[in-house]
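> Each chain is listed here by its residues.
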Amino acid sequence: MARLAARLRTYAARERLLTVLLVAYIVMIPLDPSLPRRSLRLLEPRVYAALVALLVASRGLELSGLPARAASRLLAKLRGRPGLLYSSIVLAAGASAAFMTNDAALFVYLPLVMSVERILGAPLTGLYVLVALSVNTLSMASPIGNPQNIYIWQHYRLSAAEFAAGMAPYTLAGLGLLVVYTALLRGPPARAPPPPPVRLDKPLAAASLAAILGVAVLGSLGMQYEALLLAVALVGVARPRALGAVDAPLLAVFALLFIEFGEASRLAASHIPVPATPMEAMLLAAGLSQAVSNVPATVLLAHLVPRRLWIPLAVGANVGGAGLATGSMANLILLRLTRVDTRSYHRYALPYFAALLGASALLLALG
Amino acid sequence: MAAASRAVETARRALPYVVVGPPIIHRGPAGDVHVDLPLIYQGFALDRIHYDPVSRSPSPKGRPVHAMLRDVDPSSIAGEAEAILGELRVLDAAEYRGPEAAWAVPVAWRSFIVAHIKVSGDGGEIVPDYGLTEEVRRLVG
Chain A
3 MARLAARLRT YAARERLLTV LLVAYIVMIP LDPSLPRRSL RLLEPRVYAA
53 LVALLVASRG LELSGLPARA ASRLLAKLRG RPGLLYSSIV LAAGASAAFM
103 TNDAALFVYL PLVMSVERIL GAPLTGLYVL VALSVNTLSM ASPIGNPQNI
153 YIWQHYRLSA AEFAAGMAPY TLAGLGLLVV YTALLRGPPA RAPPPPPVRL
203 DKPLAAASLA AILGVAVLGS LGMQYEALLL AVALVGVARP RALGAVDAPL
253 LAVFALLFIE FGEASRLAAS HIPVPATPME AMLLAAGLSQ AVSNVPATVL
303 LAHLVPRRLW IPLAVGANVG GAGLATGSMA NLILLRLTRV DTRSYHRYAL
353 PYFAALLGAS ALLLALG
Chain B
90 MAAASRAVET ARRALPYVVV GPPIIHRGPA GDVHVDLPLI YQGFALDRIH
140 YDPVSRSPSP KGRPVHAMLR DVDPSSIAGE AEAILGELRV LDAAEYRGPE
190 AAWAVPVAWR SFIVAHIKVS GDGGEIVPDY GLTEEVRRLV G
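Chains as they are written, first to last, in this note's numbering: chain A, 3 to 369; chain B, 90 to 230.
Isolated chain A (complex conformation) (with noise of 0.2 angstroms):
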């Protein structure tokens, strides 16, 4: 018995925002009996489907190699070249990141600069939170990019092109300002010969590949639950091992912040003022994002705000991500990864945050 107590205790440290939301969602059983009873309809069980299908499938093309031999490509031909070898790896980051989710693009590119790092012998605190702001911004350009997009992709039934071109105005003013700041950066060529690259799982990277764009078009038609299938069943037979390796205790936290968070939205709908023009929506949720976090600021207001203000709900959330630590949850994933601290993290954050707020309310303003 003490040994269990041990392990749950282990277990409950490890993963702490798991259990915080467990811990929530039994504290409010007894203030709403009715809650179990309509937590399958809170989870909205085709967006899950669509959101746990792009995390299979991204989670496979990560393990497959293909994205860190990309990212290793760079570093060999560009690696005497210090500017325009950091402008690569920030836009690359970003790039990857609409395909591959803003998470799984850093679990690539942050190690990268770590051996960027490593081999000039000097801090690149700089191109670290760059990295990060960049999967956070240009992730924003497609429905998959990362899970507000899913779940506001899926919640308002848009299809993957409309969303695309919504976000297209809003994704080239950052890439813009990623442009800008990464052209600030400065360094000395590393002298280290290239490194050789990681084993490439091939079949595992077709299958994913294929499954990233069956959720894109299956997501679209409205087809979630096939989706998923597909996604499991292209990835499981590439490899098994790939299907273990998906992250449970993550799939858990986002069901939990669905169930939880669109729970909060129906008990704050009479107490929060909804959102009536796009300007208002696009503050409100970059925000909240600020407080509670990107994923569940969507959550919470995709319940209040109108279909027409879909854009300025995802914009504003997805600049949201790229204001303070707590705004994403790749922001702590660079935190946790690196020794870039909070403080050093906002000095770059801040500025581009606000830059790119004003920019996306002028966009809104002239659209």
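Bear in mind the hints are in silico, worked out from the structure with no lab data behind them. Ideal Cβ placement from N, Cα and C applies to all residues, glycine included. Relax, there's no trap hidden among the hints.
Examples of chain A residues toward chain B, derived with CB under 8 angstroms:
(1) Ser-74
(2) Pro-113
(3) Pro-199
(4) Arg-201
Use these hints to put chain B onto chain A, whose structure you have.
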């Protein structure tokens, strides 16, 4: 055995790009603490170095240290991990592992082996430790 030489050369070229991931701290039922330092290459874990939190140095591969300590601060290990990394060197021989169709190239710290870097059978590509990669990912994600 040109592939063996090639595998050693590949491991040697990879080593400058290897970084140390977040320390993995296991706590045993008897209150003992066991620390591993994962070696990370291009986002994949390659192997773990056993770390002795009392002597603050690596322990030979195959001899993990179970220290009776109340707690270990991961941030305090980071500086030492960097120093250890700087002293690693790839040895000039490789062992072939049939089931994995890969070469295991030993990596030494001072006088003993602390880890292996696995390289594909043709000697050209780094082979990750997928299980350890998952373990590290769970620590961070």
